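The hints should help you fit chain B onto chain A, whose structure is shown.
Each chain is listed here by its residues.
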Amino acid sequence: MRYRELLLIPLAWGHVLIQDVLVGVHSIDLDYVALRWASLGWRVYDFLLLTFAFAHGVNGLRRVLNDYIRQDSTRKAVTWLLFALWLILSLIGAMAIVGGVRSP
Amino acid sequence: MDSLKLNLLGMARYRGREGQLSFVLHRLAGLGTLLFLAVHILDTSTVYFFPSLYEDAINLYRSTPFMLGEIALVFFVIYHGVNGARIAIFDLFAPDRWNVETQRKSAVWSLVIAILIWLPAAFMMGRSLLVNNFGL
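The listed protein sequences correspond, in order, to chains A and B. For the first sequence, the numbering used here begins at 13 and goes up steadily by one. For the second sequence, the numbering used here begins at -10 and goes up steadily by one.
Worth double-checking, as some hints may not be accurate.
[To be verified] One side of the interface only, derived from the structure: several residues of chain A facing chain B at Cβ under 7 Å:
#, residue
1, Arg14
2, Pro22
3, Ala24
4, Asp32
5, His38
6, Gly69
7, Leu73
8, Gly105
9, Ala108
10, Gly111
11, Pro116
To be clear, the hints were calculated from the coordinates, so they are not data collected in a lab. Quick caveat, the model's predicted, so the values are computed rather than measured. Glycine is no exception: its CB is placed at the ideal position from the N, C-alpha and C atoms.
So here's chain A without its partners, still in its complex pose:
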């Protein structure tokens, strides 16, 4: 688990450096995403970021909530709810990365 999180540092920082700092939100549009996803390498990069970062985040939220929930039954329900949230959003994101940009 620790090793996955160490890998997340270059992945997330690289993504933030390129998209937020160097390119900027004013230069990002459908054509930009289409151009980026034209290369398989960036699709793999985004897929790794999606799976690693979101799993890490939801697991972190589960651990924070477990600090404040006293009842085992509530804890169990919250865990399943978070698992469902993680699965659904990951599937939506993965479908978009595989499907790619469609013309409006």
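Relative to the frame of chain A, chain B by itself:
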């Protein structure tokens, strides 16, 4: 609700100094980033599911409040990474150095390093905000 109130009050009253402050900042940064990430997965997915809506989502991110939030978000991502790396490195390579004195110093260092990495990024994003939204 009572337990939440107790926790928030306790967090404000408990004088845990550097260790507690880095714990709170680490959690806030993580939760804030997760909230954005969940929204960001959905907005980017519109390129496949509803491509005509993508421009609207991006226009929201181009507004001044969101660009200010973006600058804060970048600090959160950097701090969470630096502080997480600190914890992971001590755990993996120097578990015998988990003592109060070393951790006080390293907690402050991770904040300093995060700010130093963030400043140039904040400068460039701030400039982009001024150029694009205020015509400077």
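Structure-based check of each hint:
Given the 7 Å rule on beta carbons, the hint for Arg14 of chain A holds: about 5 Å separates it from the nearest Cβ of chain B. The criterion of a C-beta within 7 Å of any C-beta in chain B is not met by Pro22 of chain A, whose closest approach is roughly 9 Å, and the hint is violated. With a cut of 7 Å, the hint placing Ala24 of chain A at the interface with chain B holds, because the nearest CB-to-CB distance is about 6 Å. Interface restraint check: Asp32 of chain A against chain B, minimum CB-CB distance 6 Å, threshold 7 Å, status holds.
A least Cβ separation of about 5 Å between His38 of chain A and chain B falls short of the 7 Å threshold, and the interface hint therefore holds. Look at Gly69 of chain A: its Cβ gets to within about 4 Å of chain B, closer than 7 Å, so that hint holds up. Because the smallest distance between the Cβ of Leu73 of chain A and any Cβ of chain B comes to about 6 Å, under 7 Å, the interface hint for this residue holds. With a least beta-carbon distance of about 4 Å to chain B, the hint placing Gly105 of chain A at the interface is held under the 7 Å criterion.
Residue-level restraint check for Ala108 of chain A holds (minimum Cβ-Cβ distance to chain B is 4 Å; threshold 7 Å). Because the closest C-beta pair between Gly111 of chain A and chain B is about 4 Å apart, less than 7 Å, the hint holds. For Pro116 of chain A, the interface hint holds, the least distance from its beta-carbon to any beta-carbon of chain B being 4 Å, beneath 7 Å.
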